[in-house]
Amino acid sequence: MTSVDHPSGPHLVLEAGRADRHYWRDIWSYRGLLFILAWRDVAVRYKQTVIGIAWAFVRPFLTMVVFTVVFGHIAKLPTSNGIPYAIVVIGGLLPWTLFSSILGDASQSVLSNGNLIAKVYFPRMIVPLSTVLVVLIDFAVSLSILAGVMIWYAVVPGWQILLLPVFVLLALLASLGPAIWAAAIVVKYRDFRFVIPFVLQFGLYVSPVGFQSTVVPEQWRLLYNLNPMVGIIDGFRWCIVGGESPIYLPGFVLSLVVTAVFLWIGIGTFRRIERGFADLI
Amino acid sequence: MADTVIRAENLGKKFVIGHKIERDGLLREVLTTGARAMLRKGADLMRGRPLPAGDQLEEFWALRDVNFEIKAGELVSIIGRNGAGKTTLLKILSRITEPTTGRVEVKGRVNSLLEVGTGFHPELSGRENIFLNGAILGMSRTEMRRRFDEIVDFSGVEKFIDTPVKRYSVGMYVRLAFAVAAHLEAEILVIDEVLAVGDAEFQTRCLNRMSEVAGSGRTVLFVSHNFAAVAALTRRSIVLQGGQLSFDGPVEAGLAHYTSTLAKSGPDRHWGRGKDTTLISAEMVDQRGMSTERFVSGTPLRLRVVVETTGMPGMSLEATLRDQHNLPIGFYSSSAFNQVLLPAKPGRYEGILSLDAYQLAAGEYGFDLQTTQTNIVVDHKVESAVRFTVDACSPDGVAYNFRQDLGAGHLAMRLTGPLEFVPARSSDAPGNPQLARQSG
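Chains Z and L, in that order, are what the protein sequence lines are.
This note's numbering applies: residue 1 is where the first sequence begins, and numbers increase by one.
This note's numbering applies: residue 282 is where the second sequence begins, and numbers increase by one.
Check the hints yourself; a few may be wrong.
[Said to hold, decoys possible] Pairwise CB distance ranges, derived in the manner of DEER restraints: (1) Ser144(Z) with Asn489(L): 53 to 61 Å; (2) Val13(Z) with Val621(L): 50 to 58 Å; (3) Ala512(L) with Val261(Z): 54 to 62 Å.
Just so you know, these hints were derived from the structure itself, not from any lab.
Positions of the beta carbon are idealized from the N, C-alpha and C atoms, including for glycine.
Only chain L is shown next, with the shape it has when bound in the complex:
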């Protein structure tokens, strides 16, 4: 009865990435390194090897020695921070890319959803795109026809179904795209983070739809940063860390394990690189400038960020504050809020973001950091760059601890003046119109 539908053995995936060597701009230097790189590329071309950009090559294992088994009907979440190998694993399972080592056995039809609206063409109408997208995701024509009305219904864009999707709003586009995806029929569904779209009402509908799918006995593999969705939809978690499987077990324990790995990561962990800028390290500091992982509610929130830039103009530093469920609760952008940009001279810089003295509810928090080009193109993004804990939140020193998990939000709101209750003047009393008329 409980058949194994996916069995992965010693799964590994290697990439070769290139690094650019720092140059001091001497023409002779540039010419010789350039010529050397060209010779190497020519040789690689002859031997039929790929050509990564850069001057120095480095091997990088996105996935290494991963073993697991998944039985029919299981609902499994795969969690881990960016770069942990989640997407690579999904891509191998859905046959988009090949493993370098090891093997996977898959029994049954796999449908994968790594992105909503894959292959949507802006010039085509909503109706045409439903058929196109359905075919790309592997639905047959008869399946498509049978499901068409349901899909249109779910998307809620009936009125515009014959309008080219380039005239759609972002919301409509995403709803249509998700509607197609939500009606895929397969024994094994592989879903990358796609729920983080649309408005709250639509997200709820998507979640309901997902649990319907999950409840119908299908095997589902689900990647998400939304802890609430992971906990609601799946029973088992696989936690990836640096390309290796670090936990496999019940979902609650998996989430706890993941949170603990986030907290442990010091500023020395490797964050990768952006194209023009690279976030080197970040930490929270107290008033004296000492590194800390505890935030005292009501004191300024200070982040020290070290960043490297090639001198590209127009680069902005941004920070997103997230709660223990990884939901965003605050945002800061140096260019949009303060018109402060990273220096246009190459080098390594350090800056302190001194934010408001928030009364944050007790619990766990994290900051995502990223650099962007003119607020739009993300150059280097580090999720959970800084983790910190608030032990207690008692505004004005009253012995009451306002906690994040009360479900009442993340901010204890403070008064700017004293609160006094005085007898209401009779003319203001809305409950007594007669009195009001007499005095008026």
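Isolated chain Z (complex conformation):
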């Protein structure tokens, strides 16, 4: 037990509008809570379901089948160099699901943990970050679909597959910016709870999930890459099938820039609004 005569803890000053100097160090010291909250969500998520964590597998698998049938077999969208359509779809679907789950779950996270926020102090950023961990676990499970499909079509990956973790990280960062922004803004303006599912639905069709970005006319491609997921999904496919699905480099760089800008805005907005969370919830 620490002696009270010599307070060893931090010396804090609380006043209006004071930016927390040790913000990131504070988050680091609360990392235990981050993992506990993520563990809670995982533990609770599949309680009282029959097939449990298998849902993380079934959902993307069925979506892949539907996309393959609708776009590949009925609409007969072309793929470059005869890559099997299922590979194209799963290569786009995995990063997109990662993005949309993070944005969808994290944007609701602060509101749904309102009771915690109103009663206990901890760096608020912990809450959306913990939902990212939860989504990552589902993502790891659904990676097995990719492995299965590659074995089925006898696709041998090149050295590029080693770069896959880099693109997973990029997909995380790309989704984190908008997700953190939305998590904060939803607390203030609940309207955005209805806007985000709509944006995600829309985004599924404007991102190259069911098709390759090569179908976009050359003069529009740079503009198309303003959607940060375009560069990331392209990169994902490139990791899987290598040179057969090339990366459009200027577009990829643009995607990175957009990602960084979103992240900047997201963190800035969150930190500005989070001080008032307890009063708004």
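Fit chain L to the given chain Z structure using the hints.
Leaving out everything else, chain L in the frame of chain Z:
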């Protein structure tokens, strides 16, 4: 040696609250005010301001110009009636919310307990919830492991530790939750009214635990309406009134000061609003209907209550009688006891609760009033709405004054018939079985 661990300077917290304007239901009226409100909200959204519900905005200072210093190892209670700013102050000290003006300096690790069982998840087992709750309250993993057995022991729910807490009874749930909280280690402990849980035996245990914590040299800030607990646990009191510090000093003087502010409050004080109903005023009246603050034991206890309703059906009026230690001693519910509800037509109503002619012990009393929806959801609650004094309690006019502070309860019990002692019939005498057998 006596370091200052908390120093608050000119602390203030402002809220903006919205009021709904009364509408006469004209469609044109509704449309124009609605459109105006929407325009205003749109403008606020652009400027990044919060959107309070309502048509008219009002600023409200929950806390204003509060100054105090607390030294290491001090045991301080914060008292004041609901809405006086106690919880707001605790929330600022525990970094949950920011002050609008002024500043607080805090030295040392603060652990705050504004509610027991924060973050408990019904689907998780008792064991899992201990770890979850501990982490939320700021305990480290090693601390948690070291304290785990102690916590389970204290809660007394070992047998069900692997059962989801949704299967727990309310009592078990609360005991587990408090057990975690009681084992927090911090230099400064901030505790909101959390002792008012569990059965009497558990409450005693909690109080003992609290005094143990208090005795171990930690700084404790404690909010409670339980005067006995405040007096037992703390040495110094800070009394808040309407968001301002009205007293700071020894605990006995603080409690006396608080009681005197309660007594002074007339029916004109502002009670806030409920969602559908609002208690406007209440007073005790004598037989002739005149307002009074003195109750004569043995006469009907009459409360005149004025209440406003939006016409929401199913609203009930309830009253809780409390003694000088603020412990509840009586309860009345218009819907549960008499199936009487507030009128389902909007408007302002007045009613007189004419209660039994109790022989209340001499001393101070208060009534809490509240309106509830179907007996469950509290709509508007006013603590200490009516205060009154009983000067003397001498049932049947005998010259003996039965006082509350004798510790023998609050009711002088009266006979319904004359009490006579007559020689016992021998057959009824339990002390002499032989006699009984002979006559049988």
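Identify every previously stated hint that the structure contradicts and give their numbers, smallest first. When the structure is compared with the hints, none of them turns out to be violated.
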